[in-house]
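Asks: Chain residues, written in single-letter form:
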Amino acid sequence: MTKEELKLNITEWSPASTFDEAGQWLNINVEANEFLPFMQQLRHSEALCFDYLFCLTCVDWKTHLTMVYHLSSTKFRHNVVVKVKLDRSKPEIETVAHIWRTAEFHEREVYEMFGVHFLNHPDLRLLILPEGWEGKNPLRKDFEDPINMIKL
Amino acid sequence: MYRETEIIKDFSTDGNGDMIINVGPQHPATHGVLHLVITLNGETIKKIEPHLGYIHRSIEKMCESLTFRQFIYVTSRMDYLSAHINNHACVLCVEQGMEVEIPPRAQVIRVLMDELTRIASHELWWGAMAMDLGAFTPFFHAFREREAINDIMEETCGARLTMNYNVPGGVVNDLHPNFQKRVKEFLELYKRKVHEYDELLTENVIFINRMKGVGVLSAADAISYGCSGPVARGSGVSCDVRKIYPYEIYDQLAFDEVLETDGDSLARYKVRVKEMNQSIKIIEQLIDNIPEGDFVAKTKNVLKLPKGEYYQRVETARGELGVYIISEGSTMPYRIKFRSPGFSNLSVLDKIARGGKIADLIAMMGTLDLVIPDIDR
Amino acid sequence: MWSFSEIANNLHQWLTGQFNDTWTLIIEMVLAGLAVISLFAVLGLVLVLMERKVSAWMQVRLGPNRVGPKGMFQTLADTVKLMIKEGVTPANADKLMFNLAPFLAIIVAMLLLAPIAFALNFQLWDINIGIFYIAAISSLSVISILMAGWASNNKYSLLGAIRSGAQMVSYELSAGLSILTIVVLVGDLKISSIVASQANGWWIFKGHIPVIIAFLTFIVAATAETNRAPFDMAEAESELTAGFHTEYSGMKFALFFLAEYVNVFIVCSIGAILFLGGPMPLHIGNWEGFNHVMDYIPSSVWFFGKTFFLIFLIMWVRWTFPRLRIDQLLNLEWKYLLPISMINLLLVTAIAILKWHF
Amino acid sequence: MSVKKYIGDAWKGAASLLKGMRRTGYYFTHHKEIITQQYPDNRNELDLPERFKGEVVMPHNENNEHRCTGCQVCELVCPNGSIKVIFKNDLMPDGKKKKAIDKLVYHLDMCTMCNLCVENCPSDAIKMAQTFEHSVFDRNKLKKVLNKPDSKIMDGVE
Chain A
359 MTKEELKLNI TEWSPASTFD EAGQWLNINV EANEFLPFMQ QLRHSEALCF
409 DYLFCLTCVD WKTHLTMVYH LSSTKFRHNV VVKVKLDRSK PEIETVAHIW
459 RTAEFHEREV YEMFGVHFLN HPDLRLLILP EGWEGKNPLR KDFEDPINMI
509 KL
Chain B
3 MYRETEIIKD FSTDGNGDMI INVGPQHPAT HGVLHLVITL NGETIKKIEP
53 HLGYIHRSIE KMCESLTFRQ FIYVTSRMDY LSAHINNHAC VLCVEQGMEV
103 EIPPRAQVIR VLMDELTRIA SHELWWGAMA MDLGAFTPFF HAFREREAIN
153 DIMEETCGAR LTMNYNVPGG VVNDLHPNFQ KRVKEFLELY KRKVHEYDEL
203 LTENVIFINR MKGVGVLSAA DAISYGCSGP VARGSGVSCD VRKIYPYEIY
253 DQLAFDEVLE TDGDSLARYK VRVKEMNQSI KIIEQLIDNI PEGDFVAKTK
303 NVLKLPKGEY YQRVETARGE LGVYIISEGS TMPYRIKFRS PGFSNLSVLD
353 KIARGGKIAD LIAMMGTLDL VIPDIDR
Chain C
38 MWSFSEIANN LHQWLTGQFN DTWTLIIEMV LAGLAVISLF AVLGLVLVLM
88 ERKVSAWMQV RLGPNRVGPK GMFQTLADTV KLMIKEGVTP ANADKLMFNL
138 APFLAIIVAM LLLAPIAFAL NFQLWDINIG IFYIAAISSL SVISILMAGW
188 ASNNKYSLLG AIRSGAQMVS YELSAGLSIL TIVVLVGDLK ISSIVASQAN
238 GWWIFKGHIP VIIAFLTFIV AATAETNRAP FDMAEAESEL TAGFHTEYSG
288 MKFALFFLAE YVNVFIVCSI GAILFLGGPM PLHIGNWEGF NHVMDYIPSS
338 VWFFGKTFFL IFLIMWVRWT FPRLRIDQLL NLEWKYLLPI SMINLLLVTA
388 IAILKWHF
Chain D
975 MSVKKYIGDA WKGAASLLKG MRRTGYYFTH HKEIITQQYP DNRNELDLPE
1025 RFKGEVVMPH NENNEHRCTG CQVCELVCPN GSIKVIFKND LMPDGKKKKA
1075 IDKLVYHLDM CTMCNLCVEN CPSDAIKMAQ TFEHSVFDRN KLKKVLNKPD
1125 SKIMDGVE
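In order, the protein sequence lines correspond to chains A, B, C and D.
Residue 510 is where the first sequence ends in this note's numbering, and the numbering goes up by one at each step.
Residue 379 is where the second sequence ends in this note's numbering, and the numbering goes up by one at each step.
Residue 395 is where the third sequence ends in this note's numbering, and the numbering goes up by one at each step.
Residue 1132 is where the fourth sequence ends in this note's numbering, and the numbering goes up by one at each step.
It is possible that some hints are incorrect.
[Claimed, not checked] Here are the simulated DMTMM-like pairs of lysine to aspartate or glutamate, each with C-alpha atoms no more than 25 Å apart in a straight line:
#1 D:978 <-> C:325
#2 B:195 <-> D:1007
#3 C:107 <-> D:1015
#4 A:365 <-> A:392
#5 C:192 <-> B:20
#6 B:302 <-> D:1049
#7 C:192 <-> B:205
#8 B:63 <-> A:445
#9 B:302 <-> B:258
#10 A:361 <-> B:253
#11 D:1006 <-> B:262
#12 B:353 <-> C:364
#13 B:302 <-> D:1098
#14 D:1072 <-> D:1039
#15 A:441 <-> B:62
#16 B:183 <-> D:1021
#17 A:420 <-> A:450
#18 B:276 <-> B:258
#19 B:353 <-> A:452
#20 B:309 <-> A:362
#21 D:1058 <-> B:66
#22 C:372 <-> B:62
#23 A:433 <-> B:45
#24 B:186 <-> B:156
#25 D:1077 <-> D:1029
#26 D:979 <-> B:205
#27 B:276 <-> B:262
#28 D:986 <-> B:205
#29 B:63 <-> A:500
#30 A:433 <-> A:404
[Stated by the list, open to error] Derived Cβ-Cβ restraints for the label pairs, each shown as a range:
#31 D:1050 <-> A:387: 36 to 42 Å
#32 A:389 <-> B:304: 37 to 43 Å
#33 D:1008 <-> B:214: 30 to 36 Å
#34 A:369 <-> B:290: 34 to 40 Å
#35 B:205 <-> C:331: 14 to 20 Å
[What the hints assert, rightly or not] One side of the interface only, derived from the structure: several residues of chain B facing chain D at Cβ under 10 Å:
#36 166
#37 180
#38 303
Hints were generated in silico from the structure; no laboratory data involved.
Even for Gly, the Cβ is constructed at its ideal location relative to N, Cα and C.
Extracted from the complex, chain A is given alone in its bound form:
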């Protein structure tokens, strides 16, 4: 499906989501509270069939965090980007690990790097950082580490 068709299809069942067509793919902004049903619909809808989550990350915008999900369909070869705005002081979002299994590792990475809590995640622990780094979120913009960071 092209960008326009995707937009029409998604507006049908999710009128609340907003779109941004600036980049190469269709960007969809979703509210955190309707995020999980939205993603389930993307995955299981016959016409969309977004079965391949190829990138899951988070961006720190200093005022808020944004979760970014890059989805693709191995059947129809169309892509979308789903974005969810999160509160920076208490970021919480539903996990998608049961929809796309790859999210389990990616969410663990985001959890330790940005401190986003994934609700109902099967195994939310530190993956890359050693013990004792809970609560420190190295990829946030205000992270300071005088020992391990070298300022040029």
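Got chain A sorted already, so can you dock chains B, C and D onto it with the hints?
Replies: For chains B, C and D alone, coordinates are given in the frame of chain A:
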């Protein structure tokens, strides 16, 4: 004297005879600092839990303080076996925002180098995997061909592994005058020696028995776990970025996407071996048809990307590498995310290894082709 | 003609002339012990160098070439290095068993040397149950590996030891059965009579196809029993780091290493004695001139030539094939080798009863 | 399993093993295929390609003059901060003070050989050398001063 209790306490953890064993961070089969905590029942694997981060350098954070010209060189250190392809992904992503036309000569040079890198990477994988399985000789035979590629790289790019040959707009310097001759010599060497690979491993009955039916990954799981590259293609999932979302001149080249449907280690092995032949095919098409012209487009000295988001996916030797740049209009990226193929491919290990033997784990890790700095970034 | 047996006889006569019987016996025992130990040292040095050179040439490499002419003293340098290294005993290891295991391995190897015929009429101990003695003693070597694996208090070692236990007990069967084929043909367990029975031709030529099958079975079983690739389950470098000797260092590790190579030598020499005539020269039917020329080659050269040929065969196999998995290893034994060698033994028995062999 | 298949499998397996042994046996007897380079011995014959990136050096001419103006482009462009330019003030014959480099400090231990400094140098003062034996026992020895003592800038380089 005899400390029976201590020994028994050490070996068994929960009273039902399970044994927890640490493979890595220093272990001959992990090829790097991967740490796997394995729960064993006898020789049978019950659970695998990867512990990462031993070589995490936080490249994403580093890139936030480097300019768009500088950060490319850091990415060579992610997947060091396909360093050129990593750089390629980064420059393609930067070029999306630059509105510059890449000269055709530069495109062909980049693709040629990509494919040479791919062969070199698969060559190393082949030898190292054979060594993991206990056959030491193939390792040296594979390195003989790989060394020929490295010499070509050294002559043209000035380095053997982390070439740093790509710049936004083209490549650093023109091909070495000897390049075509050397590549043809390599092609001839490869064709003369490639049958040894079959004789030493592919047709060997011990090898086939070690690989067949080991670590079966279904197509649905491969998609769900986000696998890419030869791992997914071994399960019959068509995911070659060069075919599906072609970049550079890949849409003008004749080559096949290698697919196997068994999903076991042998299928993944076959995909990689056949992929080497496809890369040879691509190089043969291009080596006599390198267009004349500039090798780099004129670009501004200070690079600024317009505000926006850029995503570029390329096919490295290990799978799909994604570079996600968010620019705020300055000379440095606001945020960079590298979607590394190894990270997703590693997550499938627990799924496919359960119920196998320790020796199977070696075969599976070998055919997943993990490069640890790529996973840790 | 110059030969080992003549030297031994002359020495014995000279000693009996000088001392009384008891002292002669004691001195001869000491000399034999020294000879065995020096043979051990020489075998270790030669075989390690041979292995490294063979592997290097198969791997398009040069191999050791820095220490001494053509790298001949490389293993000597390695030995010196291993001797001056610290022999660490892990804190939680069972210290007695841990330190005893390498010595047990080497003692078993030494015991096995006793009945081997290095040349015609040159044996340390021509015991009348020679082959039976070898089969019995060689199964002791698994104990040293189990001891080392258990006492190290290391999970890799334990897994390696258990694997090795399963493997050795299994392969003992087909090795024993293929040895039995020759015993059936000869009708004697004594090494000297087995050798003597091959004066007119080696068993591998005289015994038709069944003996060739027994020979191949024996080579496979021998490789497995000495824990060498492709059957090196107990070490399995890429799986269990170093298997049962993960925790060993310095000279204790060197003893295991030495025992492995001496075991290889011993199984190959047994193979040579049983199937290839041991010290017997190659004779072909009625070619008198040819046979005469062959007789001029000393019997010890024949013996060592055959043994090293078999060792080379085992090394060749080692540097070509990938390792088997433990269950495949046991499948190979119980589903292929054992049935084959049992049927084979029946055939050989029939041949022996009907006197079909040459 | 039929007997025919059992024997056939065993035969095929043995044949594949023999094939591999033939290959290794070939290399065992053909020593001219050996590819080993005897490295420290062949140092004199080693020819590294002229583009090989070994370390950054600053060429001087016979009058102990270099071409570095101290523009600091290399320092700015280096991704790792491995180049540091330290200035001094030269007293010109006409009494004016002129800024010149005192030391161009290069940290080989931090360098990734990306070649950016050499490419961006406006006066071609630095280049890559074809050396690769950099190992030393003390990390401080990898901190190098590229300009020679008492060296001056070449005439006519601005």
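Asks: All the hints need checking, so say for each whether the structure fits it.
Replies: The hints, checked one at a time:
Of the supplied pair hints, the one linking residue 978 of chain D and residue 325 of chain C is violated, its CA atoms being roughly 45 Å apart against a limit of 25 Å. With a C-alpha separation of about 12 Å, the suggested pair residue 195 of chain B and residue 1007 of chain D falls inside the 25 Å cut-off, and the hint holds. At most 25 Å may separate the alpha-carbon atoms for a hinted pair to count; residue 107 of chain C and residue 1015 of chain D meet this at roughly 15 Å. The straight-line distance between the Cα atoms of residue 365 of chain A and residue 392 of chain A is roughly 17 Å, inside the 25 Å bound, and the hint therefore holds.
This hinted pair checks out: residue 192 of chain C and residue 20 of chain B have alpha carbons roughly 12 Å apart, not beyond 25 Å. Restraint check: the Cα-Cα separation between residue 302 of chain B and residue 1049 of chain D comes to about 19 Å, which is no more than 25 Å; the hinted pair holds. Of the pairs offered as hints, the one joining residue 192 of chain C and residue 205 of chain B is violated, with about 34 Å between alpha carbons and a cut-off of 25 Å exceeded. Proximity of residue 63 of chain B to residue 445 of chain A is assessed by CA-CA distance (about 21 Å); at most 25 Å being required, the pair is judged to hold.
This hinted pair does not check out: residue 302 of chain B and residue 258 of chain B have alpha carbons roughly 38 Å apart, beyond 25 Å. As the CA atoms of residue 361 of chain A and residue 253 of chain B are separated by approximately 22 Å, the hinted pair is consistent with the 25 Å bound. About 38 Å separates the Cα atoms of residue 1006 of chain D and residue 262 of chain B, which puts this hinted pair outside 25 Å; it is violated. For the hint linking residue 353 of chain B to residue 364 of chain C, the alpha-carbon distance of about 22 Å falls within 25 Å, and the restraint holds.
Distance restraint check for residue 302 of chain B and residue 1098 of chain D: the Cα-Cα separation of roughly 20 Å lies within the 25 Å cut-off, and the hinted pair is therefore satisfied. Only pairs whose Cα atoms come within 25 Å are accepted, and residue 1072 of chain D paired with residue 1039 of chain D is accepted, the gap being roughly 16 Å. Distance check on the hinted pair: residue 441 of chain A and residue 62 of chain B sit about 20 Å apart at the alpha-carbon level, within 25 Å; holds. Restraint check for residue 183 of chain B and residue 1021 of chain D: satisfied, since their Cα atoms lie roughly 18 Å apart, inside the 25 Å limit.
As the CA atoms of residue 420 of chain A and residue 450 of chain A are separated by approximately 16 Å, the hinted pair is consistent with the 25 Å bound. Restraint check: the Cα-Cα separation between residue 276 of chain B and residue 258 of chain B comes to about 10 Å, which is no more than 25 Å; the hinted pair holds. Note on residue 353 of chain B and residue 452 of chain A: the hinted pairing holds, with a Cα-Cα distance of about 23 Å set against a maximum of 25 Å. Restraint check for residue 309 of chain B and residue 362 of chain A: satisfied, since their Cα atoms lie roughly 23 Å apart, inside the 25 Å limit.
Only pairs whose Cα atoms come within 25 Å are accepted, and residue 1058 of chain D paired with residue 66 of chain B is accepted, the gap being roughly 22 Å. For the given pair, residue 372 of chain C sits about 55 Å from residue 62 of chain B by alpha-carbon distance, which is inconsistent with the 25 Å threshold. Straight-line distance between C-alpha atoms of residue 433 of chain A and residue 45 of chain B comes to about 39 Å, which puts the hinted pair past the 25 Å bound. Of the pairs offered as hints, the one joining residue 186 of chain B and residue 156 of chain B holds, with about 16 Å between alpha carbons and a cut-off of 25 Å not exceeded.
Distance check on the hinted pair: residue 1077 of chain D and residue 1029 of chain D sit about 17 Å apart at the alpha-carbon level, within 25 Å; holds. A threshold of 25 Å between alpha carbons decides the hint, and for residue 979 of chain D with residue 205 of chain B the separation of about 18 Å falls inside it, so the pair holds. Taken as a hint, the residue 276 of chain B and residue 262 of chain B pair is honoured in the structure, with Cα atoms around 10 Å apart against an allowance of 25 Å. With a CA separation close to 10 Å, the supplied pair residue 986 of chain D and residue 205 of chain B stays within the 25 Å bound.
Distance check on the hinted pair: residue 63 of chain B and residue 500 of chain A sit about 12 Å apart at the alpha-carbon level, within 25 Å; holds. Straight-line distance between C-alpha atoms of residue 433 of chain A and residue 404 of chain A comes to about 10 Å, which keeps the hinted pair within the 25 Å bound. The hinted range of 36 to 42 Å is satisfied by residue 1050 of chain D and residue 387 of chain A, whose Cβ atoms lie roughly 38 Å apart. Between residue 389 of chain A and residue 304 of chain B the CB atoms are about 39 Å apart, so this pair conforms to the stated range of 37 to 43 Å.
At roughly 34 Å, the beta-carbon separation of residue 1008 of chain D and residue 214 of chain B lies within the given 30 to 36 Å, and the hint holds. At about 52 Å, the CB distance of residue 369 of chain A to residue 290 of chain B disagrees with the hint of 34 to 40 Å. Remark: the range hint 14 to 20 Å for residue 205 of chain B to residue 331 of chain C is contradicted by a beta-carbon distance near 40 Å. Annotation: interface hint on residue 166 of chain B holds; nearest CB of chain D at approximately 5 Å, less than 10 Å.
Checking residue 180 of chain B against chain D: minimum C-beta separation of about 9 Å stays under 10 Å; hint holds. A cut of 10 Å between beta carbons decides the hint on residue 303 of chain B: the least distance to chain D is about 8 Å, and the hint holds.
Checked against the numbered hints given earlier, the structure breaks hints 1, 7, 9, 11, 22, 23, 34 and 35 and satisfies all the rest.
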